[in-house]
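Q: Chains V and W are the protein sequences, given in the same order. So for the first sequence, our numbering puts the first residue at 1; every next one is plus one. So for the second sequence, our numbering puts the first residue at 1; every next one is plus one.
Please note that the accuracy of each hint is not assured.
Claimed, not checked - No farther apart than 27 Å at their CA atoms in a straight line, the calculated lysine-lysine pairs in the DSSO-like style are these: (1) V/Lys116 / W/Lys86; (2) V/Lys116 / W/Lys379; (3) W/Lys274 / V/Lys147; (4) W/Lys274 / W/Lys242; (5) W/Lys139 / W/Lys157; (6) V/Lys147 / W/Lys379; (7) W/Lys379 / V/Lys205; (8) W/Lys246 / W/Lys274; (9) W/Lys157 / V/Lys116; (10) V/Lys205 / W/Lys378; (11) W/Lys379 / V/Lys32; (12) W/Lys150 / V/Lys30; (13) W/Lys104 / W/Lys157; (14) V/Lys147 / V/Lys181; (15) V/Lys32 / W/Lys157; (16) V/Lys147 / W/Lys376; (17) W/Lys139 / W/Lys86; (18) W/Lys376 / V/Lys205.
By construction, these hints were calculated from the structure, which means they are not laboratory data. Given the structure is predicted, the values throughout are model-derived calculations rather than measurements.
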Amino acid sequence: MEETTPFAVKDCALISIATGVRVQTLRELKDKLSTVHPGSIYYHFWGRLLLPRFEETEYHNDFATWVYQELRDDVLAERLAAVDPLEFSDIDDLRNELIEIIEERLDELEYIPWAKSEFHFKRAQIVVFDTHHRIHDPKELAQIVPKMTLSSIFYHFIEARRRTPEHIDDFRSWLLGFDGKYKGLCQSLASIDPYFTPLSTLREKLIEVFSNYFETAFEGEK
Amino acid sequence: MINLESYAEIVGQDVIEHLHQLAERLKGVKVIHVNSTREGGGVAEILRRLVPLMQELGLEVSWEVITGDPRFFHCTKTMHNALQGKRVGISAQEIAHYEEINQKNAVLLCPRLEEADVVFVHDPQPAALIKFCSNRKGKWIWRCHIDISKPYRPVWKYLRQFVVSYDASVFHLADFAQPLPHLQFLIPPSIDPLSEKNIELSSEEIRETYERFGVDLERPITLQVSRFDRFKDPIGVIEAYKLAKKFIPSLQLVLAGGGAQDDPEGQIVLEEVKQVSQEDPDIHVLFLPANAHRTVNALQRGADIVLQKSIKEGFGLTVTEAMWKEKPVIGGNAGGIRLQVVNHHTGFLVSTPEGAALRMRYLFQNPHKRKQMGEKAKKFVLENFLITRHLRDYLTLMVSLLYNVEERIELG
Numbered sequence: 001m002e003e004t005t006p007f008a009v010k011d012c013a014l015i016s017i018a019t020g021v022r023v024q025t026l027r028e029l030k031d032k033l034s035t036v037h038p039g040s041i042y043y044h045f046w047g048r049l050l051l052p053r054f055e056e057t058e059y060h061n062d063f064a065t066w067v068y069q070e071l072r073d074d075v076l077a078e079r080l081a082a083v084d085p086l087e088f089s090d091i092d093d094l095r096n097e098l099i100e101i102i103e104e105r106l107d108e109l110e111y112i113p114w115a116k117s118e119f120h121f122k123r124a125q126i127v128v129f130d131t132h133h134r135i136h137d138p139k140e141l142a143q144i145v146p147k148m149t150l151s152s153i154f155y156h157f158i159e160a161r162r163r164t165p166e167h168i169d170d171f172r173s174w175l176l177g178f179d180g181k182y183k184g185l186c187q188s189l190a191s192i193d194p195y196f197t198p199l200s201t202l203r204e205k206l207i208e209v210f211s212n213y214f215e216t217a218f219e220g221e222k
Numbered sequence: 001m002i003n004l005e006s007y008a009e010i011v012g013q014d015v016i017e018h019l020h021q022l023a024e025r026l027k028g029v030k031v032i033h034v035n036s037t038r039e040g041g042g043v044a045e046i047l048r049r050l051v052p053l054m055q056e057l058g059l060e061v062s063w064e065v066i067t068g069d070p071r072f073f074h075c076t077k078t079m080h081n082a083l084q085g086k087r088v089g090i091s092a093q094e095i096a097h098y099e100e101i102n103q104k105n106a107v108l109l110c111p112r113l114e115e116a117d118v119v120f121v122h123d124p125q126p127a128a129l130i131k132f133c134s135n136r137k138g139k140w141i142w143r144c145h146i147d148i149s150k151p152y153r154p155v156w157k158y159l160r161q162f163v164v165s166y167d168a169s170v171f172h173l174a175d176f177a178q179p180l181p182h183l184q185f186l187i188p189p190s191i192d193p194l195s196e197k198n199i200e201l202s203s204e205e206i207r208e209t210y211e212r213f214g215v216d217l218e219r220p221i222t223l224q225v226s227r228f229d230r231f232k233d234p235i236g237v238i239e240a241y242k243l244a245k246k247f248i249p250s251l252q253l254v255l256a257g258g259g260a261q262d263d264p265e266g267q268i269v270l271e272e273v274k275q276v277s278q279e280d281p282d283i284h285v286l287f288l289p290a291n292a293h294r295t296v297n298a299l300q301r302g303a304d305i306v307l308q309k310s311i312k313e314g315f316g317l318t319v320t321e322a323m324w325k326e327k328p329v330i331g332g333n334a335g336g337i338r339l340q341v342v343n344h345h346t347g348f349l350v351s352t353p354e355g356a357a358l359r360m361r362y363l364f365q366n367p368h369k370r371k372q373m374g375e376k377a378k379k380f381v382l383e384n385f386l387i388t389r390h391l392r393d394y395l396t397l398m399v400s401l402l403y404n405v406e407e408r409i410e411l412g
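Chain W with its partners taken away, still in its complex shape:
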């Protein structure tokens, strides 16, 4: 069974001891996380491990998922796109439905949420719950996982009316912070090195996975793993691949991704991608189920270079995952990718398909550099983006809010 001690081998005993010291101040504190999907996407993946670890540290933690109909998720997807900068409005009827669904969920959840000491509400889908939980006892935190550096203003203005009621918010990086009347913590997300998606795999398993999809491991492979979403620019990835293939004829591209319960747009984008790639047998488009973690792991480990050519990106956990597997990443110069991909050190930041193609050619020409960057990338993730650091930040935040700390927390 995986527990806190299991992580000591990777991050060191000191790090685990720090978590225990912080948790001493939080014994018995009731914490509830609320989001909108139990499967698919980075938030669900993080919570799946973070919640049991917090429980092991002596906090009373639970995870609630709001339910909604396709109309609700269509509205929240539009909201998500607008917050990431797409100029798309939401009708009054959609707004009314958004609030109605939040209200219905609030009827079920409020008795527990109102009693909790700390409530983390993740992303815009359940953000309006706060409006319907007026007898709040504890601290409410809005945890934003998306890039809202340049939101479409009318939609942000609408959502902001709920966000201002929270006691604090959390963003991945300073670029996403907004003028708000409360503390805005900057906490990047993380990956779990012991999850199915990140554990070590045998070379046989990696080979079998690639064979299953008809991809030749002996030839160069470039991979992008992400939901089929326009902000991930899968079409741009195909363009980049085509440009690079002129110089590397044996190059193969794997575009692997799945959908999530709260993302109704995935199927449409997938069809577009299939259409653009259908004439090239070296482009492999894989639509994977949300729980295909081991398959994704094998694909990442078998690839030579990993791409994440997003136009907008909250953080890009697939970047972190690839870096953990010692892959250099060619990433879009957007959002949280900038925190991880350090030009010429852990990969390259690019702004166009042409830029991505150029870097692919460079890395395939320089296997030594590829290896060196991969090693640096893994170390960078070890020191900054593993779940133990994420857990420490959440515990610090809770101590800070519950004890009204201004600047300094002395433990031990």
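Okay, chain V solo, but in the shape it has when bound:
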């Protein structure tokens, strides 16, 4: 087998922090977006995915959800939801894109929408734990992933996209080190959209991808 650094299984937890910044109108949202802590923009795109939820979300960032639910502006909500945070090399570019979209909408509107419930800008600190589990052979993923906690799935499949130089999940990042041997598996992983499903469903999808891919190998060993 190739000489590759083992995959270190980590786990994480977020501790939320209130920035104290609240907005009630679309113009306030635009104004505060320009000055809010960069971690807050990250939180409202990604951190939210670690929060408990029972239902699938319609929009995959908190700004779009608030605009839809509170300002009742589905046009803007759809535009904000279409923003793919991974297309931006840093958080300030993402910030500018959001501001641009809101400004455009403000130009179109005859009045400034006002919400009953305020939007609270939050951010988070992340604490990363080492589970001390190490994966040496990719085949082990099919056995380890089902045992991973939801927060571990969040860390490796979502949080990694901010952390890794290629903005991809940790599994692909590791598998790419095997000289293209797992190209097909990487493609399957890339096709999982993490934004719309609860983490438990995301884990199920990962289990499916890994077990389908390695099924033949396991059967061969038996």
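On the provided structure of chain V, position chain W as indicated by the hints.
A: Relative to chain V, chain W alone:
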């Protein structure tokens, strides 16, 4: 004896391992919690277990309780009400007395508080201690357990002058955060699954408890457990019960609660509740001692539906407790109840007695839904509101403040 390992069976070994990893960074750190009552209310209940668990993890933790006279507690209760939005002022004399009591307590406590690495001051009663401890060595954190989303401004303005001196504050949810010049952590409270109030009980014990109070377990039971406090809206609960009873004639209501040392208003509200309910033998008003944890446990386990129809609510640990016992909760659409009661999943959020009555009727008509919601509720508490998560958040906060962490703590 209950120790950290005892929780592994419930939350999993991983969670315990995480606590040890965090605590590695905090070995020997001196931590002091300060509040105003050792018995009664959620804060005391949490500290009773949190303090020994932190000690087991290698931190040097102690818990101090400030003392005060009835005048002081009357003032702090008024302050509490005002911070939760009631438009009630505090006189200059009351303010002077509040500070005087804090100063007297500071004389006794300051030598220790000033030496501590981390001091958690809980709620407004001891908040002014900071003014009298000028040689502080460690980080001071104001831990607010109440809903201050829309405080009566003059009172908040007064308290704020103390709060700004702290190094950080902690609120249950973002709605309660205020413009402050320091970090504001969002940490919901928790329940202890191994405490007398939450451990499993036999069906005999539950039956005996209900028999003791003359409540018929064979008939439908709806329950609210809370202090007799206007913000808990016990009168609204009785109205809701009366509306629902028209459709469910055998329905019984149990209103169970106690007082706390720092809450002088309880007796007055209790008398009002008794007056409104005296003509209906199916309303059972139980004034329980602060340590009646097992009784509360049995009442919650025996009820079909649990209500927490608060108008204002910091968090509502009685909601968490009921959910842990697989009960769907009909909760007031207020404060921390919103974090726990997820409409149509773990219960229903309501704004009026009419709304509560409607949901009671629905749940009594649909036992299958009641069971399903109860199961979801327990899982939700397991993943989010148990003491181990609370402990992890406090440890994270301390690591964050003591090591000046901006965004990321890497352990292991």
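Q: Is V/Lys205 close enough to W/Lys378, meaning Cα to Cα at most 27 Å?
A: holds (25 Å)
Q: Could you grab the alpha-carbon distance between W/Lys379 and V/Lys205 and see if it respects the 27 Å cut-off?
A: With Cα atoms ~21 Å apart, W/Lys379 and V/Lys205 stay inside 27 Å; holds.
Q: Within 27 Å, alpha carbon to alpha carbon, are W/Lys379 and V/Lys32?
A: violated (37 Å)
Q: Tell me if the straight-line CA distance from V/Lys116 to W/Lys86 falls inside 27 Å.
A: Distance ~21 Å between V/Lys116 and W/Lys86 Cα, so the pair holds.
Q: When you check the alpha-carbon spacing of W/Lys104 and W/Lys157, does it fall within 27 Å?
A: Holds, at roughly 23 Å.
Q: Please work out if V/Lys147 and W/Lys376 have their alpha carbons no farther apart than 27 Å.
A: OK: V/Lys147 and W/Lys376 at ~21 Å, within 27 Å.
Q: Does W/Lys139 pair with W/Lys86 here, judged by a C-alpha cut-off of 27 Å?
A: violated (32 Å)
Q: Holds or violated: W/Lys157 and V/Lys116, Cα atoms, limit 27 Å.
A: holds (25 Å)
Q: Just to be careful, I want the Cα atoms of W/Lys376 and V/Lys205 compared with a cutoff of 27 Å; is the pair within it?
A: Holds, at about 22 Å.
Q: Straight-line Cα separation of W/Lys139 and W/Lys157 no greater than 27 Å?
A: holds (23 Å)
Q: Within a Cα-Cα threshold of 27 Å, do W/Lys274 and V/Lys147 meet the stated pairing?
A: Cα-Cα ~53 Å, so violated.
Q: CA of W/Lys274 to CA of W/Lys242, is that 27 Å or under?
A: holds (15 Å)
The structure fails to meet hints 2, 3, 11 and 17 from the earlier list, while all remaining hints are met.
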